[in-house]
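**Student:** So the chains spell out like this:
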Amino acid sequence: MSDRQNHKPETGAFFQRDRDWHAPALTPGYKTSILRAPQKALLSLDNTISEITGPVFGHSMLGELDNDLIHNFAKPGESAIGERIIVHGRVLDERGRPVAGALLEFWQANAGGRYRHKKETYLAALDPNFGGCGRTITDDEGYYFFRTIKPGAYPWPNGVNDWRPAHIHFSIFGHGFAQRLITQMYFEGDPMIWKCPIVNTIPDRRAIEQLIAPLDWSNTIPMDARAYKFDIVLRGRRSTFFENRPEGN
Amino acid sequence: MVQELGYLKETASQTAGPYVHIGLTPNFCGIPGVYKSDLGASMVNDKTLGQRITVKGRVIDGAGMPLKDALIEIWQADAGGLYNSPAEMRGTADPNFTGWGRCPTSAEDGVFTFETVKPGRVPFKDGRLMAPHITFWIVARGINIGLHTRMYFPDEAEANAEDPLLARIEYRHRAETLVAAGTAPSYTFDIHLQGEKETVFLDI
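For the protein sequence lines, the chains are A and B, in the order given.
Each residue of the first sequence is one higher than the one before, starting from 0 at the first, in numbering that gives the first Met the number 0.
Each residue of the second sequence is one higher than the one before, starting from 0 at the first, in numbering that gives the first Met the number 0.
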């Protein structure tokens, strides 16, 4: 377990989500959204205890290879095929504070752009040594890292010739259920990012750029693996300045 | 000029896509051996306090078809009305109840199933008790940002009538979309993404 238990937990409500920054529900360029987008107004209200609280995941649940996608599905002595990379960064909240103890789960295609899934139909080959999933938990400063191979781009049925740029899916648990987030990380310098209908569901170019991990030359391991740095920002939370003591003290 | 607030922007959400199960429930989708079991598959054990219930349901799209590639997470208080969370300051929740569950919708019929306990009541910000409820979070291909909603219980008419969140729903017939069907211990909660029965989703 982390030292998180030694800190007084925060109990403030989370900052309201900026719905103009995120993709809207209905994005016709991404066709599947058309029948799956709620059409009525969301009911907006401040967090209650049901959203401020959230489950905790301890470091003790992690296996030794959970954050090593090169080896966690491979036969003993073998490893996944592809460009070896380290992905690392911090999980912060909107106030810039580290989010300690955050559970990160990731999944991705193999180096050829093929997922290990029975509904996957792309003709690229499966890698017998690559499963495509991993997880880790941030340390007290919000840092995380994992090792994997760079995923390939792949075509998908949307337009006649739509391709997903290389990406890694991330699922993040912060401290409250209202912070729950799933997103995707892209790689610096990939010209396909700007052609992707799923990327382009996001209206603000700056929000897209925040999903693109730069090559981190300083942390690249010579003769081994390049590094990409991907910081993730979860909703911030209000300070509980005078809550629970409306009459002073 | 004034000082800058200096806040960061939240990382933008992206769809969970068609292969969310690879990452979040790998054992379910044929990737065994990486993790011992899928997280959130079990919320209770033999010692969990409270009334055992089963919640089943589907997520239904605008064409009336159940989603077979969705993933649902739920979060709820224990039978005594306490959350198993560090941010729960009112007491200590039942250690034999996680309060959190994760379930993919079935690839055959789109049904999700949670074995849990009926939650106790928890307070609204002003101290009034909310009716017993389970928080739902839904992700899937075609959903750009996870959908939050709540399930309330059909056998709690009195508590539901005084629930502060349900009271905020302007069109009263829409409040019914948050109330499960069935009777204890088996409830059904279908989530409609569109149409006349569209579920009330929360910006919370």
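Be a bit skeptical, because a hint or two may be false.
Here are a few chain A residues that sit away from chain B, every Cβ distance over 10 Å (derived from the structure) [to be verified]:
| # | residue |
| --- | --- |
| 1 | Ser43 |
| 2 | Asp65 |
| 3 | Ala177 |
Distance condition first, Cα-Cα at most 35 Å in a straight line; then the derived DSBU-like pairs of lysine-lysine [stated by the list, open to error]:
| # | chain 1 | residue 1 | chain 2 | residue 2 |
| --- | --- | --- | --- | --- |
| 4 | B | Lys124 | A | Lys118 |
| 5 | B | Lys55 | A | Lys74 |
| 6 | A | Lys74 | B | Lys196 |
| 7 | B | Lys67 | A | Lys39 |
| 8 | A | Lys39 | B | Lys8 |
| 9 | A | Lys149 | B | Lys124 |
| 10 | B | Lys8 | A | Lys74 |
| 11 | A | Lys39 | B | Lys55 |
| 12 | A | Lys117 | B | Lys55 |
| 13 | A | Lys149 | B | Lys55 |
| 14 | A | Lys228 | B | Lys124 |
| 15 | A | Lys30 | B | Lys124 |
| 16 | A | Lys117 | B | Lys196 |
| 17 | B | Lys196 | A | Lys7 |
| 18 | B | Lys67 | A | Lys7 |
| 19 | B | Lys46 | A | Lys74 |
| 20 | A | Lys149 | A | Lys30 |
| 21 | A | Lys228 | B | Lys196 |
| 22 | B | Lys67 | A | Lys74 |
| 23 | B | Lys35 | A | Lys39 |
| 24 | B | Lys124 | A | Lys117 |
| 25 | A | Lys149 | B | Lys46 |
| 26 | A | Lys118 | B | Lys46 |
| 27 | A | Lys30 | B | Lys8 |
| 28 | B | Lys35 | A | Lys194 |
| 29 | B | Lys46 | A | Lys194 |
| 30 | A | Lys30 | B | Lys46 |
Calculated from the structure, these hints are not laboratory results.
For every residue, glycine included, the Cβ atom is placed at its ideal position computed from N, Cα and C.
**Student:** For each hint, tell me whether it holds in the structure or not.
**Tutor:** Hint-by-hint comparison with the structure:
no. : hint                 : in the structure
1   : Ser43                : 4 Å, violated
2   : Asp65                : 7 Å, violated
3   : Ala177               : 6 Å, violated
4   : B:Lys124 to A:Lys118 : 45 Å, violated
5   : B:Lys55 to A:Lys74   : 38 Å, violated
6   : A:Lys74 to B:Lys196  : 50 Å, violated
7   : B:Lys67 to A:Lys39   : 23 Å, holds
8   : A:Lys39 to B:Lys8    : 26 Å, holds
9   : A:Lys149 to B:Lys124 : 46 Å, violated
10  : B:Lys8 to A:Lys74    : 41 Å, violated
11  : A:Lys39 to B:Lys55   : 24 Å, holds
12  : A:Lys117 to B:Lys55  : 24 Å, holds
13  : A:Lys149 to B:Lys55  : 38 Å, violated
14  : A:Lys228 to B:Lys124 : 39 Å, violated
15  : A:Lys30 to B:Lys124  : 40 Å, violated
16  : A:Lys117 to B:Lys196 : 32 Å, holds
17  : B:Lys196 to A:Lys7   : 43 Å, violated
18  : B:Lys67 to A:Lys7    : 41 Å, violated
19  : B:Lys46 to A:Lys74   : 39 Å, violated
20  : A:Lys149 to A:Lys30  : 27 Å, holds
21  : A:Lys228 to B:Lys196 : 44 Å, violated
22  : B:Lys67 to A:Lys74   : 31 Å, holds
23  : B:Lys35 to A:Lys39   : 41 Å, violated
24  : B:Lys124 to A:Lys117 : 46 Å, violated
25  : A:Lys149 to B:Lys46  : 45 Å, violated
26  : A:Lys118 to B:Lys46  : 39 Å, violated
27  : A:Lys30 to B:Lys8    : 27 Å, holds
28  : B:Lys35 to A:Lys194  : 39 Å, violated
29  : B:Lys46 to A:Lys194  : 53 Å, violated
30  : A:Lys30 to B:Lys46   : 47 Å, violated
Checked against the numbered hints above, the structure breaks hints 1, 2, 3, 4, 5, 6, 9, 10, 13, 14, 15, 17, 18, 19, 21, 23, 24, 25, 26, 28, 29, 30 and satisfies the rest.
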